[in-house]
Amino acid sequence: MSCVMSPDNVLYGTPVYRFVYELVGTVLPCWISYVAAGLVIMFILVNAVLMGAAVFVFAERRLIGRFHNRIGPNRWGPFGTFQPFADVLKLIFKEDITPAAADKIVFLAAPIAMLAPAILMLAVVPFAKNTALADLNVGILYILAVTSLSSVAILMAGWSSNNRYAMFGAARGVAVLISYEVPVVLCLLGVVMVAGSMSLADVVEAQAIPFLLVQPLALFVFLAGVSAELNRTPFDVAEAESELVAGYHTEYSGVKFALIQAAEFGGVVTASMVVVTLFLGGWAGPLADYLGWFWFLLKVGAVAFIFIWVRATYPRLRIDQLMAFAWKFLLPLSIINLFATALEVFFLRDSQGVLAINDLWIMTGINLALGAGCIALFGSMIREKIKPVTWQPAAGTASLTVGEVT
Amino acid sequence: MPIHTEPMTINVGPQHPSTHGVFRLRVTFDGEEILEVEPVFGYLHRGTEKLAEERTYVQIVTLTDRLDYVSSMINNQAYCLAVEKLLGVEPPLRAKWLRTMVAELQRIASHLMGIGFYLQDLGTLGTPLMYGFRTREKILDLFEMLCGARITLTYMRPGGVFSDTPPDFWPALENFMQELPSEIGEIEQLVMENEIVLVRTKGVSPLSPDMAINCSVSGPVLRASGIAWDWRKMEPYDAYEWVDFDVPVGANGDNYDRFWVRMQEIHQSARIIHQCMEHIEPGPVRLDLPLVFRPEPGAEAYGRVEASKGELAFYMLSDGGVSPYRCKIRSPSLINLTVTEHLLVGWKLADMIVTLGSLDINMGEVDR
Numbered sequence: 001m002s003c004v005m006s007p008d009n010v011l012y013g014t015p016v017y018r019f020v021y022e023l024v025g026t027v028l029p030c031w032i033s034y035v036a037a038g039l040v041i042m043f044i045l046v047n048a049v050l051m052g053a054a055v056f057v058f059a060e061r062r063l064i065g066r067f068h069n070r071i072g073p074n075r076w077g078p079f080g081t082f083q084p085f086a087d088v089l090k091l092i093f094k095e096d097i098t099p100a101a102a103d104k105i106v107f108l109a110a111p112i113a114m115l116a117p118a119i120l121m122l123a124v125v126p127f128a129k130n131t132a133l134a135d136l137n138v139g140i141l142y143i144l145a146v147t148s149l150s151s152v153a154i155l156m157a158g159w160s161s162n163n164r165y166a167m168f169g170a171a172r173g174v175a176v177l178i179s180y181e182v183p184v185v186l187c188l189l190g191v192v193m194v195a196g197s198m199s200l201a202d203v204v205e206a207q208a209i210p211f212l213l214v215q216p217l218a219l220f221v222f223l224a225g226v227s228a229e230l231n232r233t234p235f236d237v238a239e240a241e242s243e244l245v246a247g248y249h250t251e252y253s254g255v256k257f258a259l260i261q262a263a264e265f266g267g268v269v270t271a272s273m274v275v276v277t278l279f280l281g282g283w284a285g286p287l288a289d290y291l292g293w294f295w296f297l298l299k300v301g302a303v304a305f306i307f308i309w310v311r312a313t314y315p316r317l318r319i320d321q322l323m324a325f326a327w328k329f330l331l332p333l334s335i336i337n338l339f340a341t342a343l344e345v346f347f348l349r350d351s352q353g354v355l356a357i358n359d360l361w362i363m364t365g366i367n368l369a370l371g372a373g374c375i376a377l378f379g380s381m382i383r384e385k386i387k388p389v390t391w392q393p394a395a396g397t398a399s400l401t402v403g404e405v406t
Numbered sequence: 001m002p003i004h005t006e007p008m009t010i011n012v013g014p015q016h017p018s019t020h021g022v023f024r025l026r027v028t029f030d031g032e033e034i035l036e037v038e039p040v041f042g043y044l045h046r047g048t049e050k051l052a053e054e055r056t057y058v059q060i061v062t063l064t065d066r067l068d069y070v071s072s073m074i075n076n077q078a079y080c081l082a083v084e085k086l087l088g089v090e091p092p093l094r095a096k097w098l099r100t101m102v103a104e105l106q107r108i109a110s111h112l113m114g115i116g117f118y119l120q121d122l123g124t125l126g127t128p129l130m131y132g133f134r135t136r137e138k139i140l141d142l143f144e145m146l147c148g149a150r151i152t153l154t155y156m157r158p159g160g161v162f163s164d165t166p167p168d169f170w171p172a173l174e175n176f177m178q179e180l181p182s183e184i185g186e187i188e189q190l191v192m193e194n195e196i197v198l199v200r201t202k203g204v205s206p207l208s209p210d211m212a213i214n215c216s217v218s219g220p221v222l223r224a225s226g227i228a229w230d231w232r233k234m235e236p237y238d239a240y241e242w243v244d245f246d247v248p249v250g251a252n253g254d255n256y257d258r259f260w261v262r263m264q265e266i267h268q269s270a271r272i273i274h275q276c277m278e279h280i281e282p283g284p285v286r287l288d289l290p291l292v293f294r295p296e297p298g299a300e301a302y303g304r305v306e307a308s309k310g311e312l313a314f315y316m317l318s319d320g321g322v323s324p325y326r327c328k329i330r331s332p333s334l335i336n337l338t339v340t341e342h343l344l345v346g347w348k349l350a351d352m353i354v355t356l357g358s359l360d361i362n363m364g365e366v367d368r
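Order-wise, the sequence lines are chains A and B.
For the first sequence, position 372 (counting from the first letter as 1) is numbered 372 according to the working numbering, and the numbering increases by one without interruption.
For the second sequence, position 304 (counting from the first letter as 1) is numbered 304 according to the working numbering, and the numbering increases by one without interruption.
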């Protein structure tokens with residue numbers, strides 16, 4: 001038996017899949033090799049996300065240690081690199097408690113549903129030239145669809161726990177996720193228009209100039225939206241440790257807690273990968289093409305560092321301020337970006353609908369100026385909205401003598 | 001169709017990351033908004049006042065350490081002042097200066113903890129808290145030189161302090177005072193002008209001057225409401241009448257002002273410590289009192305200080321025995337907690353935590 005994939009198959013452009021499919025297909029029936037190739041891909045994805053989460057946890061704990069003026073974990077393995085594995089091992093051996101009043105099936109399913117989006121998202125990200133595990137022609141749409149799943153998972157976790165803090169966290173989390181979805185979708189449309197395709201590989205190819213420069217406003221909105229969707233400070237109202245104990249995962253312990261943590265940190269890694277792919281030129285870099293992996297991981301590390309840095313620095317916003325930020329600040333910015341990009345693409349493209357590198361430079365100039373202006377304008381407007389009117393800056397010191405009361 | 005909603009009651013505490021100990025708030029929420037608040041405390045009650053009736057006057061000093069366990073020096077000071085008034089004695093001059101100095105060091109340490117946890121309640125991941133701890137650690141090292149302990153110090157005694165300073169204390173203090181401004185400056189740079197800190201705290205949970213006076217609050221909470229009231233100025237004890245410092249006063253009594261007043265008080269404390277280092281002279285540090293003494297029967301005394309949280313006072317009544325007949329503690333944290341309901345109702349859950357942090361309560365002192 002020999003199975004050969006036809007070139008019009010949606011997974012034809014995925015070398016790993018095709019290789020496994022044809023290898024297994026030499027000895028087994030085609031439908032089994034089809035399943036086997038899928039399983040191999042899934043295995044790679046799950047392990048990539050878990051490994052990415054482990055590396056990210058280690059990096060975050062060490063870096064936040066440095067930000068805090070302390071050392072951070074350094075006992076297990078060289079420089080403490082085994083710390084995440086020690087953590088997971090500890091959590092596996094802990095008692096796995098399900099609250100008596102919990103909805104047991106949903107309670108069990110929630111952590112899995114939470115990890116799924118992070119894993120699924122990774123499938124379409126190209127690590128280097130021609131290495132996306134599934135090079136979908138609707139990659140960006142797929143990413144948006146999959147990330148929306150996490151709001152369902154958060155609601156499942158909060159509702160099934162039958163805990164009021166968890167319910168609070170879930171209600172907040174879902175509100176934030178739904179609100180921030182809107183500006184994120186709108187700002188990605190700008191990227192799609194410039195690239196002329198929804199496939200992530202095409203977006204990378206289109207970045208003769210990194211979209212960091214061509215679409216600065218979109219990058220800003222996307223970074224803010226993504227950190228809200230990932231529950232990172234300053235937008236971490238859903239699990240707000242000091243307010244809601246642990247938010248929607250208050251009742252989780254043991255392996256389920258480990259899964260939720262893996263989903264959270266794995267989510268940051270995959271989100272960083274998406275940011276790199278869409279805005280920082282993906283695998284593109286100097287020297288040979290086969291070094292794409294290296295450039296890609298380097299850029300992912302840089303974006304992940306920004307997430308960690310922000311987390312160590314900023315306090316948390318209140319839920320109403322968070323909503324105001326999404327609807328009154330990010331949404332207008334993404335709409336402006338969308339219209340500006342549409343007009344630029346309409347006037348600059350040639351008869352084949354292709355943008356030359358000079359056109360991209362023109363767009364860079366216009367969009368950078370527009371972005372700086374809009375952020376300054378809307379920033380001052382929202383500051384007026386949020387600032388209470390009753391406050392007068394009149395605090396000072398008083399020199400008192402004995403017995404005098406002011 | 002109107003959606004049916006109903007208020008939800010949550011027990012915030014006694015096990016909760018932001019209740020600063022074992023404190024419980026029964027809160028009724030309408031969505032995120034607070035409808036009703038009922039503070040419940042007593043989870044840390046150790047019967048300090050009753051225990052004091054069974055101890056000699058010198059032994060009671062160890063009990064006072066455990067009241068507000070982040071500012072034991074000031075607790076010691078308040079108690080020792082009360083006993084000295086009871087006996088009608090005055091400590092030696094060097095002891096007065098030393099007490100003033102260590103009380104101000106302790107105030108810096110306590111305010112750093114207060115600010116750090118307040119900012120952590122705001123949602124910072126402990127970065128300003130760890131900055132504060134870095135400085136506090138050095139203060140605790142200094143205390144360790146003085147009396148061997150770091151938290152429960154028992155440094156002061158009725159009639160002076162436990163012992164004179166070791167020779168290497170003064171260079172270490174000099175060194176610390178040089179590093180202090182830059183370390184405090186780092187915290188200020190990180191948070192004072194931070195946009196998120198400003199929108200989260202300015203105008204939130206304001207306490208009007210009338211309400212502050214009616215509820216008898218004291219300390220930074222009172223001063224943030226615009227009332228310049230400080231027992232170090234009003235009724236100077238120990239060496240405070242000879243030092244020069246300002247009293248920071250807020251304008252609106254909101255969360256930001258309470259935080260701002262604490263930040264400024266750190267600078268004023270540093271000023272006082274500099275003056276103490278300048279004026280202190282060699283001499284005896286402790287009166288020659290017996291270990292067990294009997295004050296006059298029926299003698300009573302009220303010793304009060306401006307502690308880091310507010311007015312801390314001890315009322316002592318003697319029946320002529322070796323231990324007091326009654327030892328009543330006026331703890332600032334307990335009295336400051338009485339305004340919680342006025343501050344919290346109508347604000348949101350996130351503000352509640354921050355407001356509680358801005359009051360800077362210590363459960364060891366609330367429950368005694």
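Warning: the hint list may mix true and false statements.
Said to hold, decoys possible - Subject to a maximum C-alpha distance of 35 Å in a straight line, what follows is the list of computed DSBU-like cross-link-like pairs (lysine-lysine): (1) A:90 <-> A:104; (2) B:138 <-> B:202; (3) B:348 <-> B:202; (4) A:104 <-> B:348; (5) B:85 <-> B:138; (6) B:348 <-> A:328; (7) B:202 <-> A:328; (8) B:50 <-> B:85; (9) B:138 <-> B:328.
Claimed, not checked - Over 10 Å on every C-beta distance to chain B, these chain A residues come out as not near it, computed from the model: (10) 79; (11) 93; (12) 101; (13) 105; (14) 193; (15) 244; (16) 319.
Hints listed in this document are in silico derivations from the structure and should not be mistaken for laboratory results.
Note that beta-carbon positions come from the ideal geometry of N, C-alpha and C, so glycine has one too.
We went through each hint and held it up to the structure:
A hinted pair counts as satisfied when its Cα atoms are at most 35 Å apart, and residue 90 of chain A with residue 104 of chain A qualifies at roughly 23 Å. Restraint check: the Cα-Cα separation between residue 138 of chain B and residue 202 of chain B comes to about 32 Å, which is no more than 35 Å; the hinted pair holds. A threshold of 35 Å between alpha carbons decides the hint, and for residue 348 of chain B with residue 202 of chain B the separation of about 14 Å falls inside it, so the pair holds. Distance check on the hinted pair: residue 104 of chain A and residue 348 of chain B sit about 32 Å apart at the alpha-carbon level, within 35 Å; holds.
Only pairs whose Cα atoms come within 35 Å are accepted, and residue 85 of chain B paired with residue 138 of chain B is accepted, the gap being roughly 33 Å. For the suggested pair residue 348 of chain B and residue 328 of chain A, the alpha carbons sit about 21 Å apart, so the restraint of at most 35 Å is met. Between residue 202 of chain B and residue 328 of chain A the alpha-carbon distance is near 21 Å, which keeps this suggested pair within the 35 Å criterion. Of the supplied pair hints, the one linking residue 50 of chain B and residue 85 of chain B holds, its CA atoms being roughly 21 Å apart against a limit of 35 Å.
As the CA atoms of residue 138 of chain B and residue 328 of chain B are separated by approximately 33 Å, the hinted pair is consistent with the 35 Å bound. At roughly 20 Å from the closest C-beta of chain B, the C-beta of residue 79 of chain A stays outside 10 Å, upholding its exclusion from the interface. For residue 93 of chain A, the non-interface assignment is confirmed: its Cβ lies about 23 Å from the closest Cβ of chain B, beyond the 10 Å cut-off. Residue 101 of chain A, annotated as away from the interface, keeps every beta carbon of chain B farther than 10 Å; the closest lies near 16 Å.
Every beta carbon of chain B lies more than 10 Å from that of residue 105 of chain A, the smallest distance being close to 25 Å; the non-interface claim holds. Distance check for residue 193 of chain A against chain B: the nearest CB is about 32 Å away, which clears 10 Å, and the non-interface claim stands. The beta carbon of residue 244 of chain A is not kept farther than 10 Å from every beta carbon of chain B, the shortest such distance being approximately 8 Å. Not every beta carbon of chain B lies more than 10 Å from that of residue 319 of chain A, the smallest distance being close to 6 Å; the non-interface claim is violated.
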